[in-house]
Structures are given as C-alpha cells and as structure tokens.
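Asker: Each chain is listed here by its residues.
4 protein chains.
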Amino acid sequence: MKETKGERRLFASKEFTPRFSEVDSMSIVWHGSYPLYFEDAREEFGKKYGIGYLDIFGNGYYAPLVDIAFQYKKPIIYGMQCRVDIYYRPTAAAKIIFEYEIRDIKDNSLCTTGHSVQVFMDKNYQLMWMNPEFYENWKKEWKVTE
Amino acid sequence: MKETKGERRLFASKEFTPRFSEVDSMSIVWHGSYPLYFEDAREEFGKKYGIGYLDIFGNGYYAPLVDIAFQYKKPIIYGMQCRVDIYYRPTAAAKIIFEYEIRDIKDNSLCTTGHSVQVFMDKNYQLMWMNPEFYENWKKEWKVTE
Amino acid sequence: MKETKGERRLFASKEFTPRFSEVDSMSIVWHGSYPLYFEDAREEFGKKYGIGYLDIFGNGYYAPLVDIAFQYKKPIIYGMQCRVDIYYRPTAAAKIIFEYEIRDIKDNSLCTTGHSVQVFMDKNYQLMWMNPEFYENWKKEWKVTE
Amino acid sequence: MKETKGERRLFASKEFTPRFSEVDSMSIVWHGSYPLYFEDAREEFGKKYGIGYLDIFGNGYYAPLVDIAFQYKKPIIYGMQCRVDIYYRPTAAAKIIFEYEIRDIKDNSLCTTGHSVQVFMDKNYQLMWMNPEFYENWKKEWKVTE
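Protein chains in written order, with this note's numbering: chain F, 1 to 146; chain A, 1 to 146; chain B, 1 to 146; chain W, 1 to 146.
Simulated from the structure, these hints should not be mistaken for lab results. Glycine is no exception: its CB is placed at the ideal position from the N, C-alpha and C atoms. Treat the hints with care, since some could be wrong.
What the hints assert, rightly or not - Estimated spans, in silico, between C-beta atoms of each pair:
id : chain 1 : residue 1 : chain 2 : residue 2 : range
1  : W       : R9        : A       : A93       : 53 to 59 Å
2  : B       : K73       : W       : A94       : 50 to 56 Å
3  : B       : N124      : F       : W142      : 55 to 61 Å
4  : W       : T91       : A       : L54       : 38 to 44 Å
5  : W       : G60       : B       : D55       : 27 to 33 Å
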C-alpha cells in the first residue's frame, strides 16, 4: 500500500486462519473465499469507524457492492496465519471505495490484493447520485478529504 | 425410502453435479454443501407443488428450518452425476417435514440421507402453534393426510 | 449440556459475530451457516488438544463427517455476539463425536444445539473399523474414557 | 459482448435461478455468490470444449484463478430466471482468460459483467511460464488465435 505524502489514511486489520472448508483439492484457499475475507475486513472497519452495515441501515440506506476485483499473488494454504488489511480510499463520487491486502503473518508476504466499490441505495432500491447527509457528516468527522 | 402401503407421497427430484469449490482436499464434497443440495430440492418441490418460499412469504409467513440432519453413506466425488430426491412427510404438527436422499445416478447407489423440519413464523417473528390457513388449504388441495 | 457425575469433559469455545452474508432476507442467520460455526469450533478444539485436521492428516488419516444434526432454538440475528461451545463425547466406537451449543453472549441464552460424528479413513479412502493407533494414544494422553 | 470482425468466439451458457440462501436481507443476491455463478459457467465451458478441471488435472496441471473482477449493473433478485454467458478471450500469454455476463432471461437485460484470469501450475505448485503442451494442442484443435 503506497502511502501518499500528507494523506491521512483510515484503515483496519483482522487476523484469520482459513477454514478447512475453504481450501480446494490442492489444499489452497478457493478464490471464492476472498469476498468473505474482504467482508470481514469491512465489518472490522465499520466497527472501528462507526460506518458498518447497521449504521448505514439505521440511516435509511443500503450500500451494495458494485465493483470488486482481486489479484492473487501467492496461495493461501490451510494452516497459514493471515491478516487482511483494509484501507479507505477517499473519493468525491457518491461511493465507498476500499482497498485490501491479505498477508501471511509469518513473513508479512503479500498473498492477495483487491478493491471494492459500494454505492448508496435508499430503501426503495433507488440509487443515490449524491452522498447521503449522514455519510457527508461521517467524512467531516473523520476529516476525510479526497 | 420405505413406501407405506396406500400412502400418497409428494416428491420432487433434481439432478446436479458437485461444484469444484464444494470438494475438499481429498476431492470429496464437503459436508457443509449438503444443506445447499437439500435447499435446491426444497425449491424444486416448492415449484412443483406451489409451496415455495415466495408462496409462503406471499401469504404472510416465513418457514425457518429448525431441525436438520444428514447421514453420509458414500462420498460424493467431483465429477459424479447426482440426484437429490425430496419427499414430503405428512404430520399433524404445525410443521413442514421433508426427507432427502442423494444418489449417484450411474448406479443409483445412496450417498446421503437426511431430513429437515420447518416451522411457521409470522412477519413479526412470532412462532405459529397451528398451521396457517393457506397451508391447511394446500394440504387439502394435495390430499395430504397424516 | 448435562454433566454426568465424575465425567471429565474436554471442550473448547469460540466467540463469533455472524457475517452479513450469512443472514437471509429476514436478517436471520441462514441454517446452512451452522456447519461453518461447528467447523470453527472443531478447529478450536483441535488446536487446544492437538487433534486438528493437520494432526490427523499427518498421521495418515482423514476424518470425514458422517452424521450431523442441528436444532434451532432461537434465531441468530445480524449484530449478535455469539459463542459456540464444543464438547467431546467419549465413545468406544472408531468415531469422533462432538456436541455443540451456540449461545447469545448477552444473556447466555441457547440459540442452537447439535452434534457431529466423524469416522476415520486412510488415504486410500478405506474406512477404519478400529481406532488408528495415534488416536488411541491421544485418548490415553487426555484420559478419555467412555 | 462486442464481437470483433472475423473473430471466432468460443462460448457457453448456463441458466440458473438464485438460491434463497444467496440473497441478503434486501432480497438481493449477495455479490459473493458471483464467483459461484462464474465457476458454473467455466464448468459448462469445460464440458463443452473438453477443457474442464478434470481434463487439466489429468494432464498434470492445476489452473488457479489469479485475477477476477465483476461489476454489478442491476440487482439479481430472488425468483429471477438468469443466464450466465462465458466467452473465451484468446491470449498469447500462458493464461486462460474468460469474460462473463449474467442476464435476466425475461428481458435479456444485463445484471453483471466480469472476467477471470487463470494460470497453470504443475503438481509441485510451480507456475508455468509457457503454455503446457496439452493446452497448445487444445488451442490448435479449436483454432483459437490471439
């Protein structure tokens, strides 16, 4: 994760060990588990900064994922101790963007990178073209500037 | 599945092939996938007899699983062609009970057996102690007698 | 969990919060997630007592689940803090039997009960009718008597 | 899917209906299910063109996903009839690249787009920098030119 000068980055981390049921017949974690690890990271971030699913719901919105990508750098093997790091990437758009890194705790080597983009919908499934007020307030509170 | 004399049995069947992501490092389907196969069978049954999740929802109810069990007879291996059979088991209780069998299509041998029990809840999460009217009507329509 | 007089019980516990992706459209954890929570409990037990999947593999065996059942007592809701407790149930058979309880940490109320049965297979997929030697040694080490 | 003039495209299609367990509390399919739908599409493609997981294994290789991305265009709702289309994208690199589209069968509207990249590993987990011979033969057989 490249740090830009003067940038204040919001982030969270969560340690995990892959489940036996998450590995395939080569004992490697199946790529379809990465969205789960990313989700765990978002929940950790949400708890830390008060912007979890229930906070968003409580304000009358829903924030579906509209774009997700991940790149596999090194296999995650059953028995490894891992850590997923999540970074908030500021944007002027009415979106929530996160970047992710999964690392092998033993040597801090990078296993997976990725990102996700969420938009806001109201409870009638209408897409929001501008940030909801509660989210603008949250950005001010955390001094997030894009 | 033991057939009782004179009993009219409602049932449905669905063919499937296990997904690569459903097998473990021994190339055997992970047992945690069985609830998915059973769910697919219930949906097939629901479509055939007009008693699917959306039918139940449309009548104001929700039918959570409260009891599920499965027994493994023979491993399901990646590449096998399988079939899940679902049988409706009549009961006087305010419950929906199904029995399941998963078979290897090649020789009809039995891989898995199981059952599930569902109850009715209304949309305020209140458990129903008697069958909802729509379900009583459904039982009459299909001449289900316990 | 009924304690039998004089019985020495091996057990482990793991705290968890359900994932957003594990709840259904009623905000209740889908029952198909219970096998995952039980798996997490077995891994915790395996680490605590040296009888995890990799220990079993390392000794040349595989221990597939052949029987699993769970009963739903109270819904697990998104946002709840939960704990899964796992208890080892001694048996003379060539099996590993566990009992499980999932509780709401807030008031210790019981959400789910269940059990699982595992058998031993060697790496040629042959079922073992007697306990492998390493498992007999493990039982002696932990003074497990059935 | 833009058709390039004169290009011969290999593709496959599979119809599906989302499972109840795949929707979230807004009755929308959880994005983490998309990798499963893409996997189903790859299996369909593999069967149609003789390049499935078991074919690759049988030739001594493994083809892990190293890059996957999907974009959400329109929600997939419980009860919808859908179709996933998979297109093979020729490349000179030692990779297998697929593009995906998920459509609502009712009006053929586009719900999701995506792509995946696979590399070849031998059974000692060594990455292949050139295409394995069996894959070069497969490309010739199907007249795939990049």
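Asker: For each hint, tell me whether it holds in the structure or not.
Answerer: These are the hints, each one checked on the structure:
A hinted range of 53 to 59 Å holds for the C-beta pair W/R9 and A/A93, which are about 56 Å apart. For B/K73 and W/A94, the hinted distance range of 50 to 56 Å is satisfied, since their beta carbons lie about 54 Å from each other. Separated by about 58 Å at the C-beta atoms, B/N124 and F/W142 satisfy the suggested range of 55 to 61 Å. Evaluation of the 38 to 44 Å hint for W/T91 and A/L54 yields a pass: the beta carbon distance comes to about 43 Å.
The beta-carbon spacing between W/G60 and B/D55, approximately 30 Å, falls within the hinted interval of 27 to 33 Å.
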